[in-house]
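> Protein chains in written order, with our numbering: chain A, 15 to 308; chain B, 774 to 1137.
There's no promise every hint is true.
What the hints assert, rightly or not - Distance condition first, Cα-Cα at most 25 Å in a straight line; then the derived PhoX-like pairs of lysine-lysine: (1) A/Lys-265 x B/Lys-858; (2) B/Lys-974 x B/Lys-989; (3) B/Lys-1132 x A/Lys-265; (4) A/Lys-265 x B/Lys-860.
Think of the hints as simulated: they come from the structure by calculation, not from any bench.
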Amino acid sequence: MRDVVPGKRVRAERGGAAARDALLVVPCLAYVACAFIGPLAYMAVQSVQGSPAGGAYARLVREPVYAQVFLNTAFLAAVVTIAALALGYPLALTAAMATPRVRRFLVLVVAVPFWTSLLVRSYAWLVLLQQRGIVNQVLLDLHVIDEPLQLVYNATGVVLGMTYVLLPYMVFSLFASIRAIDPKLYRTAATLGASRTEIFWRVLVPLSRSGVVAGSSIVFVLAIGFFVTPALLGGLRQTTIGMLIDAQINKILDWPFGSALALTLTIIVVSIAMLATRSSAAVRRLVPDPEHAP
Amino acid sequence: MKTTFRKTILATCTLALLLFAACRGEQATNAPTATTATTAPPRELVVCSYGGAFQEAQRKAFFEPFEKETGIKIKEAQWSGEYAKLKAMVDAGQPTWDLVTAAEASIIARGARDGVLERIDYTGIDKTKFYPEALTDYSFGFDFFSTALAYNAADYATGAPPKDWKDFWDTKRFPGRRSLRNDPRTTLEFALLADGVPKDKLYPLDVDRAFKSLDKIRNGVNVWWTTGSQPAQLLANGEVRLVSAFNGRISAAAVQGKLPLTVSWHGGALDTDSWIIPKGAKNRDAALALIRYTARPDVQLALTRYIAYGPTMPEAYEKLSATERAQLPSSPENRALQFVFNGEWWAEHESAVLERWNKWQLAK
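Turn these sequences into a full structure, and let the hints guide you.
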């Protein structure tokens, strides 16, 4: 009988702590309510206004061009996410495993462009990739090509530019999760006879998957809403949903339709974020923890 | 594992938010602080324009001498013609701008329709001294600019340069890379001119025919530009040989880079830069004073010394030499080669045309 009481007290204390923790969240929640939920609700109301009511959504469904733009944008975001993961993983791994000095240097190298204006970074790619840009010039001088390559104002330019802009989000997420892995595990695995490849696939990858999921979902969600970089580096077919929304709100002034597009995008993004949180668990089932592996 | 995932998300989001906040902070400090305008003893006027070489020209030709003459202090702000911003400002009942430069006729047409603009009080201005298309009840046009064909004359040292949109569309006679604006406005007009529509029969636009004509040039266009500064850069870099462009940007880049960038006026789209007054502007009288100041031929001529945009008063051109006139889009000689952009047609059809433009973009 008596040993039930302490358990109750612990629970009660926990409840009190939880209530205090909840209080800490109030200012942030209030801010989010004012700065995000409120405008979002306003946008939702706006999107069904206009004549006829709900006409904006009817148009969205009726005209296949909008579904096409949504699909193109999602495809672009997926390509950028995969590219960022492929480039970011080796970099994050090197940084996490390096000596403190090298690590600080690598983190700085990733972070510095992060502090530069998006516009400047997108323009920098123009300078590199244009017809008489450095890349083409070098390739011409080395006689690799006879005519300048079209590297910008098309999908190539957009993917290069967006991957570069979003790479830090991926690297930092991966870096954090790789750093959190206890290095003793690698040594233990090696002692038990695992090759380097096996350590990579059976220790590193499963334990850093939270970083992979987090980084990929952040990059994908940011990429799907991009419009500055694709507008500068893209061609006719690289119209993104963000560019369409900008045009509706700022140029055409069809606010109901712009709101409908924006709300649809928001719903897609929120669904992806929720799916990512869920899939964190799903991935765990797919790639089992080494501790729980048979 | 789940907590690591949450922590990672949280850390990255916090970082992103901080960065976002930093950017907003930067923007906020750039914004005009005009709320104190009425209470301060010296009279003030908040003028909003498009920045860059254009606003600098306005400052030297209009703002500085106006301040000297009237003692009214001018504060400057900037926009990119986002009508939404203007409308939101007026709807909130607190327009921070007293006088705004509008370069797109559709802003004026919409503003008048939505009740966002003050009527211009033309007392003291002789309307007969202006080109009629420059003045409306809600706007006062103080200069003309043109969207026209431009090229680097160095590329055509041997052989004739392209003259008009028919030449632009003729990729056999005029090979080389090209750039057009990623916007149906003026681009549809150019497509129709290229297809043989006479310039006085353009409006109402035959949209079907324009898109058919665009199909023919589509694969010949390498860059679809989005911002006004792009075409001059593209020419200067040698990225393309032929562009459509705002004429002032081309002449500014030509002077700055000492390059033979040239505008061909054939088939150019003539449009005005106009003053508009947001409804409920606090310093309306001062705004009108600046409008009247820019309604003088000598003041309009002063602007041409800093940027190649032409006066809206025919008499001003009499004081210019033939070479000076040749630089201006609206001199009688150049005017005869162009058409006047019809903002009202666009205000009415923009939405439908843009939808079609988007569809056309994605077509294979």
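> If you draw a straight line from the CA of A/Lys-265 to the CA of B/Lys-860, is it 25 Å or shorter?
holds, 12 Å
> With the threshold set at 25 Å, check whether the alpha-carbon distance from B/Lys-974 to B/Lys-989 stays at or below it.
holds, 21 Å
> For A/Lys-265 and B/Lys-858, compute the direct alpha-carbon distance and say whether it is at most 25 Å.
holds, 11 Å
> Is the hinted pair B/Lys-1132 and A/Lys-265 satisfied, with a Cα-Cα distance of at most 25 Å?
holds, 17 Å
Hint violations for this structure: none, all hints satisfied.
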